[in-house]
Amino acid sequence: MRRAGHAEEPEEDHAISPDVLVAKWLDIDIDEWTRKVVRRTFDADDGSPYWLGRREQLDFDPYDITRHEELTAFGPFPLDDLRGVDPMDLVPRALRRPLAGRVWDTGGTTGTPCRVFYTPAMLRHRAVWRHWSFVHEGFAPGRSWLQATPSGPHLIGHGAWEVAELHAGLVYAVDMDSRWVKRLIREGRPADVERYTSHLLDQIDDVLDRSGIDYLNTTPALFAALCRRSPERVAALAGARLSGTQINTAMHRDFLIALDGGICGISYGNTFGNAAFLGVPESGGPIAYMPNYPQVTMAVVRKDDWRSTVAPGANGRVRLTVLHDDLFLPNILERDQAARHTDAGWPCDGVADVRPLQIVGTAPEGLY
Amino acid sequence: MSLGYLFGGGVGTEPHGIELYEASPLVRRLYEEIAGWTGLTAEQILRGELPEGRERRQSAGTVREAALAVAVHDLLAEAGLRPDVVGGLSLGAMTAGCLAGALDRRELFTMLARAADAPDPPPGAVDEGMALAFVRAGDEQSPPPWQDLPDVHLAGDFGPVADGSQRIVMLAGHRTAIEHLAAGAEPGAIVPLPGRTIAVHSPLRRPFRDFMAPWVAKIPFTAPRITLLSCLERAELRTADEVRDMFERNPTDPISLVDIYEGMLSRDVRLGLVMGPAIPEGILAFPFPVVHVETPEHIELAVSTAYDLGIELSEAGSGIRER
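Heads up: the sequence lines are chains A and B, in that order.
Position 58 of the first sequence, counting from 1, maps to 58 under my numbering, and the rest follow consecutively.
Position 43 of the second sequence, counting from 1, maps to 411 under my numbering, and the rest follow consecutively.
For reference, chain B alone in the conformation it holds in the complex (with noise of 0.2 Å):
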């Protein structure tokens, strides 16, 4: 019977985690010990107006949310609850990675706000958006509207949703061609995403894979101590080799929320807790029970369920619980 954790991808401008801060003397800790390896402020990352650069804006909503999952990872530990499996999304399989000791905190943070000196596009570049698809579960056999499309690209998998009559799917690609594809599809079938300007988990970041690439082949990481989920393929990653390449991967290739809960529940979990606001509640059809901790209301509900669904409490402490 385990606890697993599932850390949700894409970076939002809004800030979040404010409750968590102003309540918990940990939470403002970390943030400080945060500033100090990513030269932003305290309050920068927790509800600063990001910087402006398209890169330099990623980086820091990056630091906002890893931040974030890292704070609700540590203050339920202080709770005592310890995950057995985690995993995540995006940049959220990178913070699952960090939090299952694959590299050290510090490691993660500078990396992110290294991602910052990335070159942005040049002028006259095309513009890049990103998509939510909503596919009819009668449809997912049926060739989709944009496999011929070269400008368009799967960039992720949601899974069904929680009544299971569609499957929300990620695009990535040029922002006219999404466009297009959106308004000749039927209302609400695929819904450009506001504000996203940065075709991620497809061939477009390549530039950005290549310029990270040094950087990540740097980081000395070592062998998860608990299990850590891929969300690039329904793997689990054992080594610090198979750690480095889902980081060296993870900006271009597609990214699978299924692959991640199907692991778990193959790994006999029985709560998920969902780190920060990243993935939304009651859309999609987990398998297993799942609490959303953003609050600090939230850290009681999670591990008052885990109690009532017979997960053991560990002694409050590191947050890690070797296997």
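Okay, chain A solo, but in the shape it has when bound (with noise of 0.2 Å):
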């Protein structure tokens, strides 16, 4: 029987080992999660201003939700509303005003992003996840580090601090501007996207170099490029940790060569929320990636029913939730597609064969 505890309450000290807070957290029923999380949003005293405002509009009452299946009812969270309203009325008013804290962009590399508060007990939670992951990767304590990620309003870039705080690295960091590359791609600026990646790579060459790095943290694109530029820098590393851009087991492999005996660990998700790496199957097999539960649950839906859940291999989009007790964001459709994968030590579905969402024509009839 799983129960519905309090995974963001003081007890949760970095004092306390990562596999003690996820094994417990990993326990908790997620239904229970649920009512505890919905019913703290929507307290008439104590709730968020922002779903307060809400629930006029809803044609239910969110006090009836008992189930985490019945978050549906929410529809799919419209994002737009994150770009325009104030992020801390997102956070229950239990929280005491004013708030003091960081507020984080996701998206934005085509328009305005979409803006959320974290709170210092949400930071905690993605950061102990990913004290998990370093853990069970093999990441030891205590090492040097390379942070070459976004950073500024990029939440990602926030692992400088994770890397510091809680596995005693020395972190250096060079910054990019992923918005940027993007906006070159879209306005078909090759050469300027190759002289922007250049320009990061002599950034990185030079920590590399000059300051004895163990662990290299950076995107699969830059670390791509790295591989294809620097091999002998890549061979000499202990390691390197890669997100925020599509990976698949090809490329794992190929890092994998290329660190010539050093470690390769991975993770999945946005400011919204994370999923953890577990490693690539003996199979060969795509990467599968479960969600930082219970604050983060995903599903994989049919891409034509957001409401759907395909069977467990097949393909469709992902659809995440957000379940903190001071950030509830139920069904967000990303902009990414995967297959649905089911691991069974976890109590909610994952995600594998991640890559970016992609809807055109499906029927069979045309393949001729």
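Hints are computed from structural coordinates only; laboratory data are not their basis.
Just so you know, even glycine gets a beta-carbon here, dropped at the ideal spot from N, CA and C.
Incorrect hints may appear among the rest.
[To be verified] One side only, chain A facing chain B, incomplete, derived with CB under 10 Å:
#1 G152
#2 P153
#3 A221
#4 M251
#5 D254
#6 G261
#7 G262
#8 K303
#9 T309
Assembling the complex is the task here: the two chains are given apart, and the hints tell you how they should meet.
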């Protein structure tokens, strides 16, 4: 019998092993957890101003939600709201105002980004999962890291703090502007894309040459470019940890070869929520990820019906639900597609073979 | 780490590529150029009603499909992508040959336009048709139900579906024989293709092949400048004569998508771009990621995916990456 815990309460101290915390989280009953978050979010006095404002438009009482699967009643979350509303309004008033902390962006490569406020508990939740991944992927504490990822408004950049604080790391950093890369691509400027990539690689090479770096944290795309340009520097690393752009089994295999005995960890997600990599299957099948349960759950749904979960192994669109105590975002329809993945050790679905969403003709009769 | 371009086969009646045409001066110039070679107007190529008459209709349809594929190729080149390996099915094989540099664009499109003059079947000729057959994975070694039917031919192999449960093959032959076969099979196992009235890639297409042979013989083929894979067998076409042979046999010989994508995989293709709408998304089990390109947004997605997967972008240009 799983229980509804309080995953973001102070007992989650830095000193507690990530294995202990993750085991506790994975033991939580998702329906009970759902009821707790929904009731906190819609509490008439202490709930979220944003959600209380939407309550009148709902044709049901949120307090009647008793099961996680009933969250579809809220419909797809309107991401445009996160481009316009005050991010603090998503946070229940139970957290005393004024709020102090960071607002993070997601998206923004094609327009105004979505913005969400992360409470310290939310940051800690994310960090504990990342720490858990570091340990399980074989990254040793107390090593030197180079973090070459977007930073500034991008939560991925917070990884530098996570490595330093939770994994006793010494962290160097190179900043990359992923929005600029996407803009150059959109404007059809391939030479400038390569030029900017070279600019980043120059900085990475400089740090690698001078600073005795053990581990590199970057995107698969930038790591692939580094493997092409500086194979000897990659081979000298003890490992790489990759996230932020798509990666597949063939790339992961290439990276392990390039690392020449080094390790290669990965994760999938964005500012709303992440999923952990449990290793490449021995069969060589697609790379799978399991969400940072229970605050993050994922489903793979039909592209033409976001309410319908596809069969295990089948492909569809990734639907993500955020159930933090202080951030409720049900049914985010991601711009990714994946195969539905299940794992005996996880109380919810995961995703495999993740790649950008594409919706085009799918009738077999179109084959000829 | 290579980039592969896949060109589908088949000739649909639905207009495609309107968004690309309207968004891009490059595409509009290309269509004007093709109009000059084929005698069709750009509007006919893009979205006009296809003409009456079996072969005239088929010819105009091939011009439409090939024009879109070439347009997508050129837009990708403009955006910085150039294929290392190309291959296509049926008409797509010929388009791929052209874009690999084995014949110039004028030769390709005038040949497709020339096909309009092929004689239609005489009055009273047996109607032709096509079908897709869905073969369960466990049944692949068993004799298929059409094996001993003289009027039904295996015309193509699209390989396993995404979840591996079935394999899709294409049949061509006499329409009534195909419909009879479908009626006797499990529901959904054999699906006649509506509107497909020519039994392509089967012996029934011999008269068309003979009609086109003198024209194909005159085309000044050259050796492909990038890797060009055949759809008629597992092979790379390296010489002008090999490309000509593929063009000659294309109307009557069965095609295989598996031969193309396995050939691409063996040449380290890490991303396949499907040119135009001919191969539906998400149905087949490609051994590498694929992006389907048929709208302006897909051009950006293709470039972005190539960058993500570690494929080097090129200076905007002709689209041919010399080997």
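Verification of the supplied hints:
no.	hint	in the structure
1	G152	21 Å, violated
2	P153	20 Å, violated
3	A221	5 Å, holds
4	M251	7 Å, holds
5	D254	8 Å, holds
6	G261	21 Å, violated
7	G262	17 Å, violated
8	K303	8 Å, holds
9	T309	15 Å, violated
Taken one by one, the earlier hints fail for this structure at numbers 1, 2, 6, 7 and 9, listed in ascending order.
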